[in-house]
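**Student:** Below are the chains, spelled out letter by letter.
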Amino acid sequence: MKISGSKPDAPAVAGVLGLDQTDLYSCVACGLCLPHCPTYRVTGADTHSPRGRIALMQVLDEGKTSLTTEIVEAFDTCIQCRGCETACPGDVPFGALMEASKEVIETTDRQTPWWLKTALRTITYPRLLRFGSSAVALAQRLRLLPPAFRGIPQRMPINRQQLQSSGDDVWLFTGCVMDAWQRNTHFATQQVIEATGISVRLSGDGAPCCGALHTHAGLGRQARKLANRVVSALPGDNPVLVNSAGCGAAMKSYGTLLNTAEARAFSARVLDIHEWLAERLNSLKPSNIAEHRQPPIKKRVAVQDPCHLRHVQGTHGAVREVLQPFVSELVDLDDDGMCCGAGGAFSALQPQLAAEVRNLKIAAINRANADLVVSANPGCAMYLAAGGVDVCHPMELIAQALNDG
Amino acid sequence: MTTPDLTTQDLLRARRTIQDPVLLEFAAEVGSSDPIVMVGGNTQSHLGGVADPNARSLRAPSGIVKYQPDEMTVCVRAATPVSELHAALSEHGQRTSLPDGTNLQGAVSSTVGGVIAVGRSPVTRLKDGHVRDAVLQLRYVAADGALVTAGGPTVKNVSGFDLCRIMVGSLGTLGCIADVILRTRPINRHERWLKMVDADPKAVLNNAKTAAAILWDGTVVWAQLVGHQADIESDQARLPTSSSALPPKLPPFRWSRRPKDLYQIGSEAGRFVAEIGVGVVHCEQPDPQGGKLSANVEALNRRVRDLFDPHRRFNPGRSVELL
Amino acid sequence: MKLRRLTKRNHQNSTNNDPCAADLQATLGDQRVHTDSAARHLASTDASIFTGGAAGIVCYPSTTEQVQAIMAVAIKHDRAVLPRGAGSGLSGGAAPLGNPIVVSTTRMNRVLEVDLEDRLAWVQPGVINLDLSKQTSPFGFHFAPDPSSQQVCTIGGNVANNSGGPHCLAYGVTSSHILALEVVLSSGEIVELGGLDSEPTGYDLRGAFVGSEGMFGITTKIAVRLTPNPESVKTLMLSFDTVTDAAATVSAVIASGLVPAAIEMLDRNCVAAVESFVHAGFPTDAAAVLIIEVDGLSAGVSADATKVAEVAQTHGATVRVAANEDERALWWKGRKSAFGAIARVAPDYYLHDTVVPRSKLVEVLEAVYEIAQRYDLTMLNVFHAGDGNLHPLMAYNSRQAGANERVAAASREILELSLAVGGVLSGEHGIGVEKRDFMTDQFTSADLAQQALLRTAFDPFCRLNPGKVLPAAHSCADIATLSAAHADGVWG
Ligand SMILES: Cc1cc2nc3c(=O)[nH]c(=O)nc-3n(C[C@H](O)[C@H](O)[C@H](O)COP(=O)(O)OP(=O)(O)OC[C@H]3O[C@@H](n4cnc5c(N)ncnc54)[C@H](O)[C@@H]3O)c2cc1C
Ligand code: SF4
Ligand code: SF4
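Top to bottom, those sequences are chains V, P and U. Take 1 as the starting number for the first sequence in this note's numbering and just add one per residue. Take 406 as the starting number for the second sequence in this note's numbering and just add one per residue. Take 729 as the starting number for the third sequence in this note's numbering and just add one per residue.
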């Protein structure tokens, strides 16, 4: 019997993966993160757990092993939802460790399938994405096809008009996938912003994609390229509002990704639409908020927290705050913000595992006994809808309430 | 840097060496060869079969060894009557969860060792829990004559395998209990026995939140309520009309049932008093379904006895299956 | 050094030509039998700092029959078997010696039956402790043992370690809450121990099994008692200027005839680590904090809470009462995150689990701080004070030369000190491999011989989790089972 980790005076310099040594060894292996990890919940395997993945990073970094199929699989099956990060009492920066590891693995051994790479390239060309039939095929592959295409009814009519800027008080980031498939969310968002008396400037095709999916896939170079593009396309000091939790999280971390003063200044301007609105609820037209004794939307609405809102941005509370005045009954799910399985491109890469993760989420939704689910991330919304869940974006619900009122 | 601290080492050694002359003498008396029958208060000696009349009969030592009211523990020798123990503890407002007959009519002079060997809990199990949970440490003489310590003196302990649990309820077939350390608890602040005629026992169970015991004989429900006065009173207000009364006298035999099966007990039981929420039924005859074990479990029981007492020295003729 | 690329060769792994693995795969299917080095490496440790052997093969059964089938294969190939729950154990109980077949219960995670009338639930062993309580809570019941790891640990692990938790002060440890167990023995037989009736026949084999640390059998189905949720709860946070005052308050509260639901202590270092995670308003300037909870019926609870506050104030405490359920939950979250929060202090920790008489708390705590200082270790204390169950925790960096040796030496002193004042080695984490060789400090060889008999009755083959709990001289044929060399293909 020996005490593990006896590595007398191991060098503090970076190992094979080049990971920050303090971060890498900050995990005390207590396991408190395990039940908050969707993949561990589904398979029960330590190789699919945060604690296990960190331990594998350690053996790789120490050069004790080369890559094996199973190690690569352990990393590929990580949704990068960062549920483990919020659960960890020790503040282990799992997300950063995983992103850095994935980038080294990706450059050592091509992991990303050709079709995902093509897709990831395509989403940086908005026009191609909007009109190209190949884009539809790819989106199908990506499981990013909007519910409308699958006969799932929409709550709001798809507004076929072009989105149009109304001024330049704030930027509204319209992104790639979402702009193409969920334009109604943007209309709703714009409408709500304008109801507070603020004018909206759309980010447009100059800032085609936030690069989050590229970072997750370990395609760091492309991610940094896209980030630079976004930063320069949205100049000035005005807030940059984002209604996709995944994009918002990525843009808030440009500062660290690009490590320039300009990027840090940009990241500081980025706000999730809900956190922005929570500060201005009172400026929504009074008739729409104060005079209603009864909230206009008489439904039991369950809030599904997108991981990148709850675990990364930590602004999920704002979603409840902004919905409260408009909805008669808001309920939380009982799964502590567990991932829904969408995970950007994850549901396309690991369809079976993703579907099992989604089943857990659907079970939680059923336990909540709600009429409707809101999700502040279009990727999650679409993935849940594809699983038969009645779901919309919080902004759509508020816009509807404002219209009805 | 591991120079042994002499005083610590001395203390450790002292701790492991049993010096109590009474225990050493008892161990010598038990010896290591001939058959032995342990006698306690003789209140339950009819249980588990009849002991071999040729075996040498032996009485364990008695007396309170060490009572630490602040630790809420007491070390007591096996032949001490429970009533005597409780009388001493009551001076500090404490008692143990061992049954002492005070809650029921008729005096019982059972001994601590006897109660533990039989392992049966008092009718107040709803609040007091199981007898086995009150036993922290138990010293006994093993079949080879060695004095053995099971468990430990503290209120919480998982050091090693739980020999205490296997000794409680073993009818003295695995070793001769010499002394025990028991957990004590505060005496109930208030307690009262009530009687409810024609009440639904299930409803009493669901409503009487302060109940330590709920007894039912098919028509009458008795309940002992314990705790804070105001809580007892609000309980009583929720219950059917009741009058204060002493608990019923219990028939001698015990049947073991699932709590929810008690309500179906019919005439086959004769006169009975059932412990609602617990599952014990006190009857006039032995349990027709008693003592059945699956073949695998029976074999495991036998293996335990074979290993602990290969020559059947202890209480020959009695066995836990006949309990 | 550079990362080497994935090669064909890496697809293979060392146990692929292990006939035992092949048999297991044939019986259970590939999905349930993992032989790769990654899986085996990760099943080689639990939450403690101990490693010895390595998992030989890792299996993921879902049913009792599959566990029985694994045992049959193990018998055929004469292999050791180690049950594993969530791997949150702190004594190396689930860290294999030799290279056994590890049976992970994480897929045996179904609540099979909830019987509210008899207040019990049948669960599979891999059900997570907190999940069960969450599921039964809407009906007004919970599973009372609440280890601080309850969000992750399994009920099978709780049974095997006879786990405790803050609320076990009033409600009793796991053993008091287990009614019956279905167990697969090392012979492959299935037995049901205990029962749902009030006084099951025979020896209390259920009680003997609880706390057997995976060495008596694999439990595959557990009937647990459900406890009604208390009608009323009051939680007090008491802060003190000295650890001595806090410890004296613990004794005084107990001596006053109260039995609170929980009495937990956190010292200054621990409060600092915890507060920066939960932001619950723990007083970071206090030398020690007690969390005392009283529960039950409303009249009793308010009377008891008042009395606790009075007693504490005479010992100089500043008293706060949790304003609402949210605040109470946050305080408990803080308490229960304490070990993990150590990651903010140092990359490794090692803690003890001794129990000492409550009246010795002050003396022992002072000595413990002194020991830590002498060995230049950061010491944090967070523990179940009401039971006298200490968790002196040393935070250190194992990558620093000599650190492990200092920790080991300090540990020995802490253990011996606790025993010398009349305490015991472990209150709830179990002996495992960690304290195995200290067992002779608490027990005589006659005591250990009797414990070994119990093991032999259940597992005459010493097939299950060999080499744990009992020191070498008392562990029957364990040594033979362990003789197989350290498996290839797993990184040490
Ligand atoms: C942060 C933290 C806090 C903790 N707090 C507490 C606490 O307050 N109180 C406490 O008592 N413990 C505590 N622990 C220790 C640990 O969580 C408990 O011992 C827990 O019961 C272990 O459960 P597990 O499922 O992780 O078991 P494992 O660690 O996987 O296994 C523990 C032992 O159980 C055996 N085992 C597992 N499943 C079975 C089975 N089905 N059949 C037979 N044997 C089996 C294993 O062989 C092993 O010997 C804590 C641990 C951590 C990391
Ligand atoms: S990021 Fe999500 S999937 Fe990955 S280890 Fe953490 S919790 Fe699990
Ligand atoms: S990541 Fe955090 S929660 Fe998970 S095992 Fe490591 S220290 Fe514990």
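I should point out that these hints are in silico values taken from the structure, not numbers from a laboratory. Where hints are given, some of them may not hold.
As the list claims (entries may be wrong) - Under 10 Å between C-beta atoms, here's a sample of chain U residues computed to sit facing chain P: (1) GLU793; (2) GLN796; (3) GLU941; (4) SER1026; (5) GLY1028; (6) GLU1141; (7) ALA1174; (8) LEU1176; (9) GLN1179.
Quick reminder that beta carbons are idealized off the backbone N, C-alpha and C, glycines included.
**Student:** Does each hint fit the structure? Answer for all of them.
**Tutor:** Hint check:
1. GLU793: violated, 16 Å
2. GLN796: This hint is violated: U:GLN796 lies away from chain P, its Cβ roughly 12 Å from the closest one there, beyond 10 Å.
3. GLU941: U:GLU941 check passes; min Cβ-Cβ to chain P is 8 Å, inside 10 Å.
4. SER1026: holds, 7 Å
5. GLY1028: holds, 4 Å
6. GLU1141: holds, 8 Å
7. ALA1174: Since the shortest Cβ distance to chain P is 4 Å, the answer is holds.
8. LEU1176: Nearest chain P Cβ about 7 Å off; hint holds.
9. GLN1179: Cβ of U:GLN1179 sits 4 Å from chain P, so the hint holds.
Hint compliance for this structure: hints 1, 2 are broken, all remaining hints hold.
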